[in-house]
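Generate coordinates for the entire structure from the input sequences, incorporating the hints supplied.
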Amino acid sequence: MSVTNVISEIKKDFIYNLLLKGERIDGRTFDQYREISIQRDVIRKAEGSALVKLGSSQVLVGVKMQPGEPFQDTPNKGVIITNAELVPLASPSFEPGPPNEVGIELARLVDRGVRESKAVDLEALCIIPGKQVWIIFIDVHILDDCGNILDAASLGAIAALMSTKVPAARYGLGEDYILPLRDIPIATTAIEFNDVLMFDPGVDEEAIANTRLTIISTMNGNICGSQKSGTGMLKPEQVHRIIDIACEKAKEIREKFLEA
Amino acid sequence: MDETDISFFKDGLRLDGRKADQLRPVKIEVGVLARADGSCYIEMGGNKVIAAVYGPREVHPRHLQEATRAIVRYRYNMASFSVEDRKRPGPDRRSQELSKVSREALEPVILTSFFPRSVIDVFVEVLQADAGTRTAGINAAAVALADAGIPMKSMISSCAAGKVADTIILDPMKEEDNFGQADLPIAMTPGGDITLLQMDGGLTPDEFQRAVEMAMKGARDIYEMQREALVKKYSQMVEQPGREEVHVCD
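In order, the protein sequence lines correspond to chains A and B.
In this text, residue positions in the first sequence follow the working numbering: the first is 1, and each later residue adds one.
In this text, residue positions in the second sequence follow the working numbering: the first is 1, and each later residue adds one.
Hints are not guaranteed to be accurate.
Claimed, not checked - Derived BS3-like pairs: lysine-lysine, alpha-carbon spacing no greater than 30 angstroms straight-line: (1) A:Lys77 - A:Lys165; (2) A:Lys53 - A:Lys12; (3) A:Lys131 - B:Lys87; (4) A:Lys11 - B:Lys153; (5) B:Lys87 - A:Lys118; (6) A:Lys235 - B:Lys153; (7) B:Lys48 - B:Lys174; (8) B:Lys174 - B:Lys217; (9) A:Lys64 - A:Lys53; (10) B:Lys100 - A:Lys235; (11) A:Lys235 - B:Lys27; (12) B:Lys19 - A:Lys235; (13) B:Lys232 - B:Lys19; (14) B:Lys153 - A:Lys53; (15) B:Lys27 - B:Lys48.
These are calculated hints, taken from the structure and not from any lab test.
Bear in mind the structure is a predicted one, so any value in this text is a computation, not a measurement.
Following this line, the structure appears as structure tokens:
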């Protein structure tokens, strides 16, 4: 993500030389994720929230819901709006101001996972057809960018949605209830550097590689979204290798952290 | 989105009579703008897209310049009248994402180290949209870059595959994109190196692989057309020396 992070040539060399020996700077294998922790309901004022730690990367996702008008072309469907804030406290390369293209891409990928997996039944969020539907705001707050904030943000979004309570009572629409979900999309990201594929890149690894591929997979092992990012190229074989590992990793993460 | 009674196939052919692995008609014209350093107009099915390249030129604002290479800027913009319901003019989140991935689709082949402290600006205007505007834009931009004489390692060609009624199809049109099950645009070099890959919808890993292969086949066909369009322009210039400064608009 942090395309503007600069690292020294010495460090670059060091990472590269390790890589030739089949090693990574923090001792992980190429397809190994850093330690993941997910804390839910950390923000009482939010309808749902989750603090995700992926190694030292920290991402906080809050979900707010309120009734509002549906889009004209989908009068019977609720609305999902996803935003990401890359606040300057999270990295020396983040700047205050309106989201830049990195932030926009991040938000749209988190959104793509939730939307394309059909995790949320949008029709169930209709209150009065054509007039009033539930609007779900998913707000991603990056707190500490130590690499791969996309996977962390995506994980945070689905974890926060899983703990979301629809605030019906506040708006006189009956009793509060748990937001029903139909799927658990998981995003997994790999970088490519000298034909080596590394999953869950740390911030220095992101700085040396210029190609990244994210695969978002669903509970039935299908792919609901993907995105290549960065100024490099990928061979079709590399794409397929990433998909194979990504689907497997996603399954592990889902089973270990979200289906318990 | 997917619940629909549209039938996508009739007697094995698509709504517009195409086969599953057939491209829409493509028309490419090189050098259509007099002021730009390079330009290209492309029609892919119902898409009408024009691309212009300016540069290498001085970077403004200055602080964006890089000491060792040129920066590349790509602006994907949709005309307000290009779609059914008027689009609010100006950049939105979608166009900013597309601008980013499109720039990253072209940058790998541009020899930016030849032009330190400068910028290569690519402007893409979608005049009429019918699904696949980003791929059309990239195809036009790649040709415009070549037309501007920007040194490149190779051409870039772009094409999408999709899935409707559980069938993988090439180059989805609007109806197939709106009511289909998946959309997978790619861009690549003629050698098969992928520089753009996006996907949304639902595909099994096996379908994903087949969709990538089909889109790559489409991109290869488009490459031939891009090449032909460029050769055509420059062979005309050789046949009619002195004509290259004359701008013909037909």
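So, going through the hints one by one against the coordinates:
1. As the CA atoms of lysine 77 (chain A) and lysine 165 (chain A) are separated by approximately 18 angstroms, the hinted pair is consistent with the 30 angstroms bound.
2. Annotation: proposed proximity of lysine 53 (chain A) to lysine 12 (chain A) holds, straight-line Cα distance about 25 angstroms (limit 30 angstroms).
3. Straight-line distance between C-alpha atoms of lysine 131 (chain A) and lysine 87 (chain B) comes to about 23 angstroms, which keeps the hinted pair within the 30 angstroms bound.
4. Under the criterion of a C-alpha separation no larger than 30 angstroms, the hint pairing lysine 11 (chain A) with lysine 153 (chain B) is consistent with the structure, at around 29 angstroms.
5. Between lysine 87 (chain B) and lysine 118 (chain A) the alpha-carbon distance is near 26 angstroms, which keeps this suggested pair within the 30 angstroms criterion.
6. In summary, the hint linking lysine 235 (chain A) to lysine 153 (chain B) is supported, as the alpha carbons are separated by about 16 angstroms, within the 30 angstroms threshold.
7. Distance hint between lysine 48 (chain B) and lysine 174 (chain B) is fulfilled; the C-alpha atoms sit about 14 angstroms from each other, no more than 30 angstroms.
8. Between lysine 174 (chain B) and lysine 217 (chain B) the alpha-carbon distance is near 21 angstroms, which keeps this suggested pair within the 30 angstroms criterion.
9. For the hint linking lysine 64 (chain A) to lysine 53 (chain A), the alpha-carbon distance of about 21 angstroms falls within 30 angstroms, and the restraint holds.
10. Taken as a hint, the lysine 100 (chain B) and lysine 235 (chain A) pair is honoured in the structure, with Cα atoms around 20 angstroms apart against an allowance of 30 angstroms.
11. Distance restraint check for lysine 235 (chain A) and lysine 27 (chain B): the Cα-Cα separation of roughly 28 angstroms lies within the 30 angstroms cut-off, and the hinted pair is therefore satisfied.
12. The hinted pair formed by lysine 19 (chain B) and lysine 235 (chain A) meets the criterion: a straight-line CA distance of about 27 angstroms does not exceed 30 angstroms.
13. Distance check on the hinted pair: lysine 232 (chain B) and lysine 19 (chain B) sit about 29 angstroms apart at the alpha-carbon level, within 30 angstroms; holds.
14. For a cut-off of 30 angstroms, the pair hint linking lysine 153 (chain B) to lysine 53 (chain A) is broken: about 41 angstroms separates their Cα positions.
15. The straight-line distance between the Cα atoms of lysine 27 (chain B) and lysine 48 (chain B) is roughly 9 angstroms, inside the 30 angstroms bound, and the hint therefore holds.
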